[in-house]
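Colleague: Sequence:
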Amino acid sequence: MVAQIELSEAEVDRVFHALATSTRRDILRRTIEREQSVSTLAADYEMSFAAVQKHVAVLEAANLIVKRAEGRERLVRANPEMIARARALLARYEELWRSRIARLDDLLAETPRSAVSDSTDNANKNNEQGD
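With this note's numbering as the guide, the letters of the sequence shown map in order to residues 1 to 131.
Mixed in with the good hints there might be a few duds.
[As the list claims (entries may be wrong)] With a straight-line cut-off of 20 Å between C-alpha atoms, the simulated EDC-like cross-links for lysine to aspartate or glutamate are:
no., residue 1, residue 2
1, K67, D26
2, K54, D44
3, K67, E94
4, K54, D13
5, K54, E94
6, K67, D44
7, K67, D106
8, K67, E33
9, K67, E95
10, K67, E110
11, K67, E81
12, K54, D26
[What the hints assert, rightly or not] Restraint ranges, calculated between C-beta atoms of paired labels, are given here:
no., residue 1, residue 2, range
13, E35, A91, 25 to 31 Å
14, A69, R30, 36 to 42 Å
15, R72, E95, 43 to 49 Å
16, E94, E9, 18 to 24 Å
17, A109, A84, 32 to 38 Å
What the hints contain is simulated information worked out from the structure, not anything from laboratory work. Just so you know, these numbers come straight off a predicted model, no measurement behind them. Even for Gly, the Cβ is constructed at its ideal location relative to N, Cα and C.
Using the sequences and the accompanying hints, generate a full structural model.
Modeller: Written as structure tokens, this is what we have:
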């Protein structure tokens, strides 16, 4: 089986939406550490159980967590495959921006010092003439 690496635009939107609130980021962090019931997760937040369930549903829709039934409980755990795919996406963005910054640094290094000095001298002369 070949693992899908690229995220579709819809998947990217769902992942960023899911990670947009601190409560959902915290739920994800806690489920990375260990599988937990929705009830256990809800106990630590100052919101209703239903509100926590909605946060879990958003994370589940983004495939960042997996929920399963065990008796009457719903257990939640992080989905390491999707987290890895999201991390790869962010790594590509980081690479893109690092290369752009490197090109900008190169362009700035190519600017002759005399041209920078001349423009500064001209600005200073213009300021003196205005006085």
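Colleague: Between the alpha carbons of K54 and D44, is the straight-line distance 20 Å or under?
Modeller: holds, 15 Å
Colleague: With a cut-off of 20 Å on the C-alpha distance, tell me whether K67 and E33 pass.
Modeller: Distance ~15 Å between K67 and E33 Cα, so the pair holds.
Colleague: That 18 to 24 Å hint for E94 and E9 (C-beta), does it hold up?
Modeller: holds, 19 Å
Colleague: So does A69 sit 36 to 42 Å from R30, Cβ to Cβ?
Modeller: violated, 19 Å
Colleague: Going straight from one Cα to the other, do K67 and D106 come out at no more than 20 Å?
Modeller: violated, 49 Å
Colleague: Do R72 and E95 keep their Cβ atoms within the hinted range of 43 to 49 Å?
Modeller: holds, 46 Å
Colleague: Does the structure keep K67 and E95 at a Cα separation of 20 Å or less?
Modeller: Violated: K67 and E95 sit about 33 Å apart, past 20 Å.
Colleague: Quick one, are K67 and D44 close enough, alpha carbons at most 20 Å?
Modeller: Holds. K67 to D44 sits at ~19 Å (cutoff 20 Å).
Colleague: Against the 20 Å threshold, does the CA-CA distance of K67 and E110 hold or violate the hint?
Modeller: violated, 55 Å
Colleague: Quick one, are K54 and D26 close enough, alpha carbons at most 20 Å?
Modeller: holds, 14 Å
Colleague: CA of K54 to CA of E94, is that 20 Å or under?
Modeller: violated, 31 Å
Colleague: Given the hinted pair K54 and D13, is their Cα-Cα distance within 20 Å?
Modeller: Holds, at roughly 17 Å.
Of the numbered hints listed earlier, those contradicted by the structure are 3, 5, 7, 9, 10, 14.
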